[in-house]
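Asks: Going line by line, the protein sequences match chains E and B.
Residues in the first sequence are numbered consecutively from 1, following the working numbering.
Residues in the second sequence are numbered consecutively from 1001, following the working numbering.
I should point out that these hints are in silico values taken from the structure, not numbers from a laboratory.
This one's a predicted model, so the numbers in the text were calculated from it and none came from an experiment.
Each hint should be verified, as a subset may be incorrect.
To be verified - Stretch-level coverage of chain B by chain E, calculated; a stretch enters the list once three of its residues show a Cβ under 8 Å from a Cβ in chain E:
#1 1011-1021
#2 1095-1105
#3 1123-1134
Each residue gets a CB set at the ideal place from its N, CA and C atoms; glycine is no exception.
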Amino acid sequence: MKPRQLQKHESQAARLRTVQMISRLLAATNPLDLGQKLTSQLRELTGAETILLLAHRGDGGGHELLHVCPARQSRLFSADELQSFCPEQAPDPMPRRTEDLPSGHPMRALLSRAGVQNLLSFPLRAGGELLGVLVLLNLQSMVLTDLIVDTMNLLSPSIALALKNARAFRQIERQRHEIESHALELERRVEERTADLAKSHSLLVEAQAVAHLGSWQWDVATDIITGSDEFYRLFGVEPGQLADYLQFNSLLHSEDRERVQQNVKDVLKQDRPYDTDYRIPLPGGEIRHINAKARVFYDEEGKPSRMVGTCFDITERKEAEQALRKSEQLYRAIGESIDYGVWVCTPDGQNTYASESFLKLVGITQDQCSNFGWGNVLHPGDAERTIAAWKECVRTAAMWNIEHRFRGVDGKWHPVLARGVPVRDEQGLITCWAGINLDISQIKRAEEALYASEERFRRAVMDSPFPILLHAEDGTIIQASNSWCEITGYSREELATIADWTERAYGEKRALVQVDIDRLYSLDHRVAEGDYTIRTQSGGTRIWDFSSAPLGRLPDGRRMVISMAMDVTERRAVEDEVRRLNAELEQRVQDRTAQLELVNSELEAFSYSVSHDLRAPVRAIDGFAGILSEEHAERLDQEGRRLLGVIKSESGRMGKLIDDLLNFSRIGRTPMKLEEIDMTALAQDVWEEQAHLHPERRPAVNMTPLPPARGDRAMIRLVWSNLISNALKFTKYQPNTIIEIGAITENAETTHYYIRDNGAGFNMKYVHKLFGVFQRLHDSSSFEGTGVGLALAQRIIHRHGGSIRAEGKVDAGATFYFSLTQEPCKSC
Amino acid sequence: MLEKNKVEILLIEDNANDAEMTLRALRKNNLANNVVWLKDGEAAMEYLFGNGAEPGGPPNCAPKLVLLDLKLPKVDGLEILRRLKGDENARVIPVVVLTSSCEGRDIAESYRLGVNSYIVKPVNFEKFTEAVRQLGMYWLLLNQLPETSGAKTNSEDRE
C-alpha cells in the first residue's frame, strides 16, 4: 500500500477507502505483527510524530504499551505514566493541545516533558469492552485533525477487534495443545458476532494455517459444508469442490471412505464425539493424513442439525509413525538375522519381544516367552543359575552376559551366548532391556574338540612309556607322567616343583642341574640335554637321557617346557660292556699284531739265515766237487767223474733254488716305486736279453706296440723276464719257434698284455698248479727250472692289483695274459 | 803266523770250507803269500787293534786288503767294519765284504759304514774262484793306496 497524506478535500468515499485499506491490513496481517504494521501505517497516514498503541489488560491491571512507532520512542513514557492515557483517567474530553489542559493537571507536565504539543487519543472498544487506546502525538498539522478523528473513529472498532484477536492468538500460541477447543470457541464466538468480527476471520485463517488446522461445519439438513481456508487447503481443493457430503466423500482415500461414512452415521445417531483419521490423496500424488474431530448439534426435535469440527493435518506424525515402523521392521530383520535373534524386556525383566528365530528354535510363543516361558526350555543344568542371574542382573542393572543351553524343538541342546544392556532415557531411567542371543554351538564344538585334543595330549603324556615332565618357568611342575613317577618311585605330591625334583633326584648336584633346567625356558627349539644320573626313591640310581622342547606359554604367560627322558641305564651298561669288550679286542688285535710282527721278523731272520747259511754248504759241495774234478779227476774213472758231475749239477740247482726262493720272498716285502712304464721298450729289452742267452736258436718274436703301464719297473721287468724265458724254454724243441707279444685293451680301461708261444703247452686240467711255488708241469730233465718263476710273476702282478692267467694245450703252445690296474691294491 | 806288518790280506771267515776255497783261489793266482786267516770276529778285533787296547786306539797292523765275512761268531762282521771305518787311521784300509748274504739291508748297511766293495759269494765253484781271483788282482795289484797311512805301514819291509 502506497502511503499518502489524507487531504482535506477528499470525499467521504475516499475516507471509506482508507478505512477499508486499514481493515484489510488488519485482516491480512499476522497478529504478531499487527501493532507494528498498524502504528507505522497510521503514522504515515496521519503524519503524527509518534503513535502509541496501548492494550488494556482487561483485568483491572491498566494499560500496557503494545507498540510505539517509531520504536525509538518506546521509552518516552514510563509504564506508570502510560496509565494517564487510560480513558477512565484522562480528562474527558481530552484536549487536543497540551496547552489546553488545565494548568496543574498532571498530564500537562508529563506531556510537556515529552515535548508533546498536541495529541489525539482514541479508546479502542469492541462490544463495549475496552481493549486499548491509540494515541497520536504531535500531528504535523492540526488542520486535518477533524478528518483524522472521523476516520479513526470509524477504524477504532476494527482495530479494537484486531487487538483482541491478537491477544487471543497469543493465547493459542501459548497453549497449542488447547488449540482445538480455542478454535472451536473462537469459531462459536465468531459465529455469534459475525457482524462485528467479519474481518477478524482472517486471523483465524492465519492461526489455522499455522496449526494446519482447518475448521468446518456441515449443515446436515441442507447438506452444505463450509470450512475455513485451511480446511480447503488441507483437502487441496477450492471451496466449491467441497460443498457437500458427497464431494467430501469423494475426496477421501478410497480405502477409508466406507469406514468414515460408518463413523459419521454412528456419530450422528449416538451423539458422541467424532474423532477419526483418514487419508486424502492430493493431486500431486502425495497422501495427506487427517485427524478429524467434531461435535454434533441437534435441533429442538433432537435431530442432528449440524456438525462442527476441525481437521488436523497429521501427515508428519503418520509419516514419522511409518518411518518408525519401517525402522522397527529393519531392526526386527536385523534381529532375525542374528542367530537366535534379539530380545526386549521390560525394566523389571519381563520379556516383551523375542525374535521369531528364537521362538521357533525353542517352540514357544511370544506370550509364553513373556511369562518367563524361556526358563522352561533352559537346560536343567543351566535353568536355576540363569534365572537367578537374570534377576540379579535386573536388580543391579548390570550387563547381561551369560552362556546357557536351550532345548530346541529338534530335541538338541543349543548353546547360546546371551548379551544385553539396560536401555535408558534422557533422565537415565531404564526404559527397557535389549539384547541378543548368539549361537555358540560352533564355538562350543571347537571348545569340546580342543578339550578332547588336550585330553588326548594329557593322556599321551600321562601314559607315555617314556618319563615326561611338563614344567613352567616359575618352577611349577604342571604334569609328570606315570612312568616318571613309576621309575623314580616319587609320588606327584613329592614332585610339586622343579626344586622338589632336583633335590630328590640330584641331591648335592641339584644346583648344577638347576642351571641347566633354567636355560630350557629360553629355548626356541628341541634340545638334547644328554645323560643325567638321577636318584630314585629307593636309593638306586638311574641314567636318564633328557630331551626338552618349548611348549609355548600358559594362559598366564608363563613359559612352559616339555622334558622327556629315556631311561638308558641298561643301555649305558651294555654300552660300557661293549666299550670294554672293544678295548679288550683292541688289545687282542695289538697283541696279535705284535705276535705277527714277531713272526714276520722271525721269517725275515729265517730268510736271512737261508740266504746266508744255506748257501754255504751248497757252495762247499760245489766248491769241493769242483776241486775234486780239477785236481783229482785223473784218479777217478768215468763213472766217478759222472757222479761228480751230478753233484756239481745238483748243487748248482740247489743254489738256484735258494736264490729264486729268496727273490720270491723279497718281492713280497720290497716297497714298490710306481712309475710310468713304456711296456713296448721294456718287453723288447727283456726279449733281447733273453734271446741273447740262446744264440744258437736265433729266436724271433712277433711283437705289436704295447700300451704303457704304471708300476714298479724292476718288478714288471721280472715279470717279462720270467714270461719270456718261460716261452723260450718251452719252445726249445720246436723247430720253428713262434713267439708273439701283444696287448688287448678291454673297455678302454683294462689292458691285458699277453705272450703266446707254440711250445710244449700244458694240460688245462693242471692250470691251477701253474702259478704255485715249486709247482712244475714238466719234468726237470726236459725243461730245467725251479718252479718259482710264474709264482713270482703272479706275486708281482697281484701286488699291482692285476691278474694273470694262462691258456694252453698239450703240444699246442701256451698263452699268458696279465693286466695291471692303474692303482694297485694297497692291501696286496 | 806271519809278522803283522807283512800281512797283505787279512781273511776274516768263520766257515772253514769257504776259507779253504778262498785261500786256494788266491794261491792259484799267486796272491796268497802274506795271507792271515782269522776265524771269528773277536779274534779279528784283537788282531787288528790289540787285546786290551783302549777303544778308539789306532790299529796295530795295516793289511793291504781285508776280506770280511759278515756273519761271524762273537763279533759281527758289520761291527768290525764299523770299527775299521770309524777309525781315523784304519779308515784307509780297503775292506771287501765277501759274504753269502745278498740281503739288501746288509749291502746298504755295509756301504753306509764305508765298505770298499761288496761281493756275494757265488755258489758255483768256478764263479767263486773267478771272483776271488779278480778281487785279489784288483786290490793288491791294480789298486793304489796312499803313501802315508796312519797305521804302522810295512813300507820298510817291502824295501
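Asks: Hint by hint, note whether the structure agrees.
Replies: Right, here's what the structure says about each hint:
1. Against chain E, the stretch 1011-1021 of chain B contributes 4 residues with a C-beta closer than 8 Å to a partner C-beta. That satisfies the three-residue criterion, and the hint holds.
2. Counting residues of the stretch 1095-1105 of chain B whose CB lies closer than 8 Å to any CB of chain E gives 6, so the stated coverage by that chain holds, three being the minimum.
3. Remark: the stretch 1123-1134 of chain B is confirmed as covered by chain E, as 6 of its residues place a Cβ nearer than 8 Å to a Cβ of that chain, reaching the required three.
Violated hints: none; the structure is consistent with every hint.
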